[in-house]
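Residue numbers (the working numbering), protein chains in the order written: chain A, 172 to 632; chain B, 5 to 65.
Among the clues, some could well be false.
The list that follows gives simulated cross-link-like pairs (lysine-lysine, BS3-like), each with its CA atoms no further than 25 angstroms apart [as the list claims (entries may be wrong)]:
id : chain 1 : residue 1 : chain 2 : residue 2
1  : B       : K46       : A       : K182
2  : A       : K182      : A       : K501
3  : A       : K501      : B       : K46
4  : B       : K46       : B       : K32
5  : B       : K32       : A       : K614
6  : A       : K501      : B       : K32
7  : A       : K182      : B       : K32
If you are wondering where the hints come from, they were derived from the structure by calculation, not from laboratory data.
Below, each chain spelled out in residue letters.
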Amino acid sequence: MTQTTAIHGEKISLLRVLGPAHVWALGVGIVLVGEFMGWNFAVGKGGAVAALIACWVAGLLYTCVAMIDSEVTSTVAAAGGQYAQAKHIVGPLMAFNVGLYLVFAYTMLEAANAITLGYLVQTVGTMAGFADVHDKPFIVLTIMFLAWLNYRGVYATLTLNLVLTAIAFSAVVILFAATKPWTHDMLNHQAFLNGLPYGWVGVIASLHFGLWYYLGIEGTCQAAEEVRSPARSLPLGTMTGMITLLIAATMTWYVCSGLMPWEYLGQATTPLFDAARLTGSAPLMVLLFVGTVFSTLASANGCINDASRAWFSMGRDRYLPTWFGAVHPKNRTPYRSIVFLVPVAVIFAYFAPLDQVITFSILSGLLGYTYMSLNVMIFRRKWPLNTIRRGYIHPFHPLPALVLLFLCSVTYFAVFLGYGTQLIAMMIFFAVASLWFHFHRYKYVRRGDQFTMQWPRPAGY
Amino acid sequence: MNQFQMLEYAAWALSAVLGLWMLLDMIKTNRTYDEDLLTSSKEGQIDDALVIDPPHQGGHK
Chain A
172 MTQTTAIHGE
182 KISLLRVLGP
192 AHVWALGVGI
202 VLVGEFMGWN
212 FAVGKGGAVA
222 ALIACWVAGL
232 LYTCVAMIDS
242 EVTSTVAAAG
252 GQYAQAKHIV
262 GPLMAFNVGL
272 YLVFAYTMLE
282 AANAITLGYL
292 VQTVGTMAGF
302 ADVHDKPFIV
312 LTIMFLAWLN
322 YRGVYATLTL
332 NLVLTAIAFS
342 AVVILFAATK
352 PWTHDMLNHQ
362 AFLNGLPYGW
372 VGVIASLHFG
382 LWYYLGIEGT
392 CQAAEEVRSP
402 ARSLPLGTMT
412 GMITLLIAAT
422 MTWYVCSGLM
432 PWEYLGQATT
442 PLFDAARLTG
452 SAPLMVLLFV
462 GTVFSTLASA
472 NGCINDASRA
482 WFSMGRDRYL
492 PTWFGAVHPK
502 NRTPYRSIVF
512 LVPVAVIFAY
522 FAPLDQVITF
532 SILSGLLGYT
542 YMSLNVMIFR
552 RKWPLNTIRR
562 GYIHPFHPLP
572 ALVLLFLCSV
582 TYFAVFLGYG
592 TQLIAMMIFF
602 AVASLWFHFH
612 RYKYVRRGDQ
622 FTMQWPRPAG
632 Y
Chain B
5 MNQFQMLEYA
15 AWALSAVLGL
25 WMLLDMIKTN
35 RTYDEDLLTS
45 SKEGQIDDAL
55 VIDPPHQGGH
65 K
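Could you build the full structure based on these sequences and the hints that come with them?
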């Protein structure tokens with residue numbers, strides 16, 4: 172017989188089963204696909220050297236993100252991540268917006284990954300000599316299968332991500348070693364590097380896709396209610412994830428820019444796979460194809476996990492209908508949120524062009540990073556060090572926050588150069604959503620219940 | 005019909021099965037359990053003594 176009603180004091184929560192390796196797999200798994208495809212559009216914007224500058228500038232931006240995120244998340248350990256942080260530190264309206272940024276960023280990224288996987292299968296079909304092959308069945312299957320996996324339980328989902336991500340990262344390292352970077356046998360940077368063909372404007376423009384090297388690493392904190400030791404696991408998983416990505420990004424740039432001219436690299440669909448083809452090694456080609464597929468799957472898988480946690484948290488606080496705040500009694504997953512977001516991802520993956528989907532994801536992420544820089548300054552001012560227990564304290568405050576704010580401003584300009592209409596459309600959407608929340612939805616929120624942290628009164632209040 | 009087209013149909017069929025599986029399980033779960041129990045999760049609370057796993061602990065209707 173199963174229990175079907177709540178008795179006094181009993182409740183169902185998300186399952187605390189994850190360790191630091193799962194957190195690493197969640198963060199790196201979402202992002203690593205950016206090394207296999209997407210980052211190279213930065214080369215098209217400003218040349219290979221500009222892409223390297225963008226890689227390191229974006230790396231600095233994301234190091235600031237990871238440091239800030241680690242401190243705040245180790246203190247506000249709740250599903251919803253930055254949404255829950257914004258609620259406690261800034262206020263409900265900011266939290267509602269941040270929740271939407273998260274859901275958009277991850278759902279769009281999931282759709283982009285599904286489109287990519289469909290394209291890869293379609294390419295294999297075409298190369299095998301089949302006529303009239305379609306990508307749509309595989310796009311839908313990717314989303315359905317990974318949603319089903321997420322529905323069934325977080326442990327299996329993120330253990331799969333760990334395996335997929337480890338193999339994909341190993342593929343990048345093996346390719347780097349196989350090109351013998353200590354010799355000039357294969358890599359020929361002197362022939363292919365041509366400075367800055369579009370000058371420093373090209374460097375700024377390339378920042379748009381430079382974010383693709385790391386976009387999503389901040390998703391680690393969505394696992395806060397499912398890790399066994401949030402104060403230890405989240406900073407550890409996030410920081411090691413960031414180090415992994417900096418290494419992978421630099422290796423990727425070095426191999427690709429030494430094997431291909433920037434005119435080709437800047438518009439290639441699968442640059443790392445193309446690099447493997449240029450080495451002439453069949454095992455490397457297979458490995459990098461597998462790495463591309465695995466990284467895409469891992470990214471979509473992590474995105475479903477993160478988007479559903481953000482949506483679930485908003486439902487739990489009544490920012491959205493409470494129906495979304497339910498936990499599956501057997502699987503211990505936010506099952507209604509997972510199912511609800513499936514058609515959203517399918518619609519975008521089915522009908523929207525890839526570059527638009529990617530841009531909406533980047534823009535949502537960028538809005539989230541801008542919030543994070545302001546959030547941490549407010550956090551330190553309201554709750555100075557030693558007033559509440561922090562699992563991690565990031566150094567040099569407020570320098571990382573100011574650097575992050577500056578880099579976000581530059582990147583907005585970079586996005587505006589290429590996708591100004593989308594940027595303005597997105598701003599209008601969030602403004603309208605904010606008005607809806609303020610004038611309509613907030614009256615349903617139980618104002619006292621949403622603040623769950625046992626913190627002292629903020630300084631100055 | 006070539007082999008790739010069969011693969012495409014298999015992908016559509018598997019997608020439909022997985023989608024229906026989730027949908028039916030969601031409906032079944034919604035009907036079986038009390039709404040208060042399903043939405044009883046609280047943000048950031050770590051109190052294992054109170055967290056239950058109904059199917060594994062037995063209980064009552």
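Now the hints, each set against the structure:
| no. | hint | result |
| --- | --- | --- |
| 1 | K46(B) <-> K182(A) | 8 angstroms, holds |
| 2 | K182(A) <-> K501(A) | 13 angstroms, holds |
| 3 | K501(A) <-> K46(B) | 17 angstroms, holds |
| 4 | K46(B) <-> K32(B) | 23 angstroms, holds |
| 5 | K32(B) <-> K614(A) | 31 angstroms, violated |
| 6 | K501(A) <-> K32(B) | 12 angstroms, holds |
| 7 | K182(A) <-> K32(B) | 19 angstroms, holds |
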